[in-house]
Amino acid sequence: SQQGEEDPQALSIQEGENATMNCSYKTSINNLQWYRQNSGRGLVHLILIRSNEREKHSGRLRVTLDTSKKSSSLLITASRAADTASYFCATDGGGFKTIFGAGTRLFVKA
Amino acid sequence: EAGVVQSPRYKIIEKKQPVAFWCNPISGHNTLYWYRQNLGQGPELLIRYENEEAVDDSQLPKDRFSAERLKGVDSTLKIQPAELGDSAVYLCASSRLIQETQYFGPGTRLLVL
Numbered sequence: 001s002q003q004g005e006e007d008p009q010a011l012s013i014q015e016g017e018n019a020t021m022n023c024s025y026k027t028s029i030n031n032l033q034w035y036r037q038n039s040g041r042g043l044v045h046l047i048l049i050r051s052n053e054r055e056k057h058s059g060r061l062r063v064t065l066d067t068s069k070k071s072s073s074l075l076i077t078a079s080r081a082a083d084t085a086s087y088f089c090a091t092d093g094g095g096f097k098t099i100f101g102a103g104t105r106l107f108v109k110a
Numbered sequence: 001e002a003g004v005v006q007s008p009r010y011k012i013i014e015k016k017q018p019v020a021f022w023c024n025p026i027s028g029h030n031t032l033y034w035y036r037q038n039l040g041q042g043p044e045l046l047i048r049y050e051n052e053e054a055v056d057d058s059q060l061p062k063d064r065f066s067a068e069r070l071k072g073v074d075s076t077l078k079i080q081p082a083e084l085g086d087s088a089v090y091l092c093a094s095s096r097l098i099q100e101t102q103y104f105g106p107g108t109r110l111l112v113l
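Chains as they are written, first to last, in this note's numbering: chain A, 1 to 110; chain B, 1 to 113.
All clues given are correct.
20 Å max Cα-Cα, derived DMTMM-like pairs, lysine to aspartate or glutamate:
no., chain 1, residue 1, chain 2, residue 2
1, B, K78, B, E52
2, A, K97, B, E100
3, A, K26, B, E44
Beyond 10 Å from chain B on every Cβ pair, some chain A residues (computed):
no., residue
4, E17
5, R54
6, K56
7, K69
Think of the hints as simulated: they come from the structure by calculation, not from any bench.
Glycine is no exception: its CB is placed at the ideal position from the N, C-alpha and C atoms.
The task is simple: from the sequences and hints, build the whole structure.
So this is what it looks like as structure tokens:
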């Protein structure tokens, strides 16, 4: 079973707009990661946030983590057509097993 | 630095045939992972290696799947015999240590007819 569940399943926005994706999980974690997967390509690691962190930034990406709600969000600001991809959150389930969600499919229209 | 290398990139076989996938992780990475990704889903962990030891293979269907990581570097994943439901993308990933960033290969897309 997949622990992480992304919301929404699909998102379509205009170039320049912000995109927000959410991830909920069931058990306690040590860290949570976000990955991007372009069509036909492998997964690329975006950000890792540890359970004692609340927010991290990387370029146009902002990730928040609320362990009390067992949820995380990924914000992409000023989106570009090249951001079109599937985005996955992955947790460690409190141990060493990496568990991915089903992903959010983002489409950025030029 | 070279990334994770996988081969073949694509494989089409008939059901009941055997198939093998190969993975070369990033140099110096002790942890190696095999995942299966079905269409429209996230990757599902099949097996994780720490050096040459399989430390988590709880999701590996052991009746038909096998894996090995000789000398703690390259790894192969085998399916014998393949079933229609095995059609998926098989991803290999590696990390320097457990719980660190995983780097994924491009995957092998398997189609079982």
